[in-house]
Amino acid sequence: MEIKDSYELPLSKERVWAALNDEQFLKRSIPWCEKLERRSETELAAEVKLKIGPMSTRFTGNITLSDIDPPNGYTITGNGKGGIAGAASGSAKVKLIEDKDTLSTTLSYEVSAQVKGKIAQLGSRLIQSTAKKLSKNFFGSFVKQLEDMDKS
Amino acid sequence: MNEVTKIDGIGSSVRRTEDKKFLTGKGRYTDDINRPGQVQAYFLRSDVAHAEIKSIDTKAAQSAPGVVGVFTGSDIAADKVGGPICGWVVPCRDGSSTKEPPHPLLAQGKVRFVGDAVAVVVAETMEQAKSAAELIDVDYNELTPVVDFVKADEGAQIHEEVPNNCYFDWELGDESATNKAIESAAKVVKLSVRNNRLVPNAMEPRSALAEYDSLDESYTLHTTSQNPHLTRLVLAAFMFAIPESKLRVIAPDVGGGFGSKIYVYIEEAVCVWASKKIGRPVKWTADRTQAFLTDCHGRDHVNDVQLALDENNKIIGLRVDTVCNLGAYLSAFSVVVPTILHGTLLSGQYDIPAIYTNVKGMATNTVNVDAYRGAGRPEATYLLERTMETAAKEVGMDPAEFRRINFIPKDAFPYQTQVALQYDIGDYEPHLDKAMEMIDYSNFEKRRAEAAKRGMYRGIGMSSYIEACGLAPSAVVGALGGRVGQWESASVRVNPTGTISVFTGSHSHGQGHATTFAQIVADKLGIPMENVEVIHGDTDKTPFGMGSYGSRSLASGGSAISKAVDKIINKSKKIAAHLLEASEDDIDFKDGKFVVGGTDKEKAFGEIALAAYVPHNYPLETLEPGLEENAFYDPTNFVFPSGTHIAEVEIDPATGVVEVVDWAACDDFGNLVNPMIVEGQVHGGIAQGIGQALLEDAHYDENGQLLTASYMDYCMPRADDLPSFKVGYTNTPCTHNDLGVKGCGEAGAIASPPALINAVIDALSPLGVTDMSMPATPQKVWKAIQESQSVAAE
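Quick note, the sequences are listed as chains A and B, same order. When we follow this note's numbering, the leftmost residue of the first sequence carries the number 1, and every step to the right adds one. When we follow this note's numbering, the leftmost residue of the second sequence carries the number 1, and every step to the right adds one.
So that you can see chain A by itself, here it is in the shape it has in the complex (with noise of 0.2 angstroms):
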């Protein structure tokens, strides 16, 4: 499964890329994320509470950050075990473009996504809107609290 998005920010690529790799800043822009502890430069620790569907489960798991290109963008990608509700793992490629005339960015990501066990038996049909949902909700999430901290 394949999710395609991008944003535009009125914002230098630095100050996004900053953002991106501010471990507590990403966690505020992840509502349903309960734990986010950075491990190493490369890797973090992430606990989340996804319903999908009928089910409501609790995944652990690791995030870690590959292809860095500063400020360019970077490879997120995670891997979660939600026990009997089976696993889910994903990637999402960020690529951030400034255009100098406007001083603005562009965030563009492309998230695959992959699930196992009673998720994918039961919920198959419901992890394309689920993923698009939450895609759009953590980069939405991501790009408000970037513009609410530039306006104050």
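Quick caveat, the hints were computed from the structure, so don't treat them as lab data. Nothing false has been slipped in among the hints.
BS3-like, lysine-lysine: derived pairs with alpha carbons at most 30 angstroms apart:
| # | chain 1 | residue 1 | chain 2 | residue 2 |
| --- | --- | --- | --- | --- |
| 1 | A | Lys4 | A | Lys93 |
| 2 | B | Lys54 | A | Lys49 |
| 3 | A | Lys4 | B | Lys780 |
| 4 | B | Lys434 | B | Lys726 |
| 5 | B | Lys187 | B | Lys410 |
| 6 | B | Lys277 | B | Lys54 |
| 7 | B | Lys783 | B | Lys446 |
| 8 | A | Lys93 | A | Lys27 |
| 9 | A | Lys132 | B | Lys780 |
| 10 | A | Lys51 | B | Lys130 |
| 11 | A | Lys35 | B | Lys54 |
| 12 | B | Lys187 | B | Lys393 |
| 13 | B | Lys783 | A | Lys132 |
| 14 | B | Lys434 | B | Lys446 |
| 15 | A | Lys93 | A | Lys133 |
| 16 | B | Lys59 | A | Lys35 |
| 17 | B | Lys590 | B | Lys574 |
| 18 | A | Lys49 | B | Lys59 |
| 19 | B | Lys130 | B | Lys59 |
| 20 | B | Lys151 | B | Lys54 |
| 21 | A | Lys35 | B | Lys130 |
| 22 | B | Lys780 | B | Lys726 |
| 23 | A | Lys151 | A | Lys4 |
| 24 | A | Lys133 | B | Lys780 |
| 25 | B | Lys571 | B | Lys541 |
| 26 | B | Lys130 | A | Lys49 |
| 27 | B | Lys783 | A | Lys4 |
Covered stretches of chain B, going by a simulated chain A footprint (3 or more residues, C-beta under 8 angstroms):
| # | segment |
| --- | --- |
| 28 | 125-134 |
| 29 | 701-710 |
Partner residues aside, some chain A positions facing chain B, computed with beta carbon under 10 angstroms:
| # | residue |
| --- | --- |
| 30 | Gly83 |
| 31 | Ala87 |
| 32 | Val115 |
| 33 | Lys116 |
| 34 | Gly117 |
| 35 | Gln121 |
| 36 | Leu122 |
| 37 | Arg125 |
All C-beta atoms in this analysis are idealised placements derived from N, C-alpha and C, irrespective of residue type, glycine included.
Based on the hints, put chain B in the right spot on chain A.
Frame of chain A; chain B shown alone:
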């Protein structure tokens, strides 16, 4: 035999005696049975399709509340318990045999499909077992899954023992003669078809309750089985190496099987093993998700067909190249289904002078595929009848006439096909004619035109099928790679008052044996049916028998009962002769009475029974007391039911929905014992076939995740998907069993899918549609309509 129809004898539509308990909810299924001290088993299953197991940490689960044991593959290996076995293998083209990889009870080192059992948790309650299973940490090293079976040979190797993921590469028939026929043909009709993968969906999920008696070191297993004796044999001899006498297997009421409950699965074996390990009775019952994931699926073939015709449209050759998906492990009959039960049926009802078929059975990271109602024969019938219809249209003949000119003529029986089978008897034109009459075939074009006025596409399609069932002559089975005999047993016990207890090796899980078998005995002995009780499903009560599948119960099991009753009658005549002071040769048996020919001297059957058990006036010096006889019946041939089904459909171009508006089924099942039960079997079979043709499709994604694992995504036929069926019969009695019976259990599921798809294509033929794959879902049909219209617009 059908001439004299008695109220409760052969040929009478007696209401099913077993229905009282089923219709009132009083059936007693495995999960209804509980034992003191019983614990629950829950299987932790792999959620990845293909992976090495790096480690399994069960520590936290071991100490979770209520847990009495957590076991993994290494515990099974330590106890040297074997796994399920393959009951039938075939030779390969290169001279090697079928590759048989081991199938451990719990995964050892590797998991091979989503649902593969990795560990079992045994706890006081199911909730506790499930909760503890969540604490087990399995670390997988994921491997690339093999899902597309057609390209499985290019994928990662699933078993060390199975190079190129090919279990077998089998052939049958004369390749060079067939290729010659194709080369010299006036016309070659080519077609590729796919037989969609199905989930069996028995109403009752699989279940097992095992208990161990430490005093006499014996086990009792209640389980959902179609063949309790085979289950006992496999568990005792191949898995646990214990004497059969130390294991009692009871298959109580079983709520549907359709093939899926033939095999010994790992779960019941693990329950048996754990019951001793823990020292308490262990129960496991699948939930519906587990049934979807782990019951053996059915079908899943692709077939490339070439049909060679001469200038008179007579068939001169048939070549079929098949690839089939057998899943992650070989199941009991998974090898025989796409080979012996498929390749040998390719002659259908037709006189075909040259046939060749090649079948490759592939391993994939999906659950095992094995017999499902029809087992190989629906696949053969589908490809053949789709090709017949396509050929008829390509040569511009009416499909009925094209079939008719190619039928094996009535006077050609016994007919030796080019694919091993010899049909003993049949007559195909009468059921074609009758089915056409039943559905008013000659006026179809008027109905099509009338439907067109309403904006609907109406189509008609037929299928003339043959089935080889009533498994089967043991010597033939052995020669073809079978590892079991295929006879059936019966023990008929006359009780002192003249009532009868019939112990059968067949197993009823919906077929109505308690009624049908009682009718046979009542008819032969001239006694009321209610005096006959049929006992099945318990290895401690019934003689060793092969169980029920492959439409064999009446032809094989019923014949065994008939033979045992004949022995009862023979012995009774001796007793009667003594009591009536006559010569045995002068005793006639009719309507339940032994009469001295030409006199009014007679003894009723009940009097004979009493004399046998109270032998005060009895020829003890020459005859044993008592009246009980066994029979083991080994058929001399398969039985060959045949028939023609015609489907009529209407398609709404706005939605693509196919409505089945009419259905005529005319079958030759030989003599009918209970026409009502037979009709019920026909209805059920057609319903399942309509499910396959229009609705059902088991689908794995590219990662090997089963996406159709619930009724949200796997569509079963419902009452409003089905028309009112017109059911009729012709009769050419089977020549080689006493009852003259064939088999009817699978016929509907075999005949119906091609008839229905032929009708769908016929409906869309004005648009230029010539092919449609199963299931013909509204989306697929709608798309075909749209595409044809866009082509027309160009």
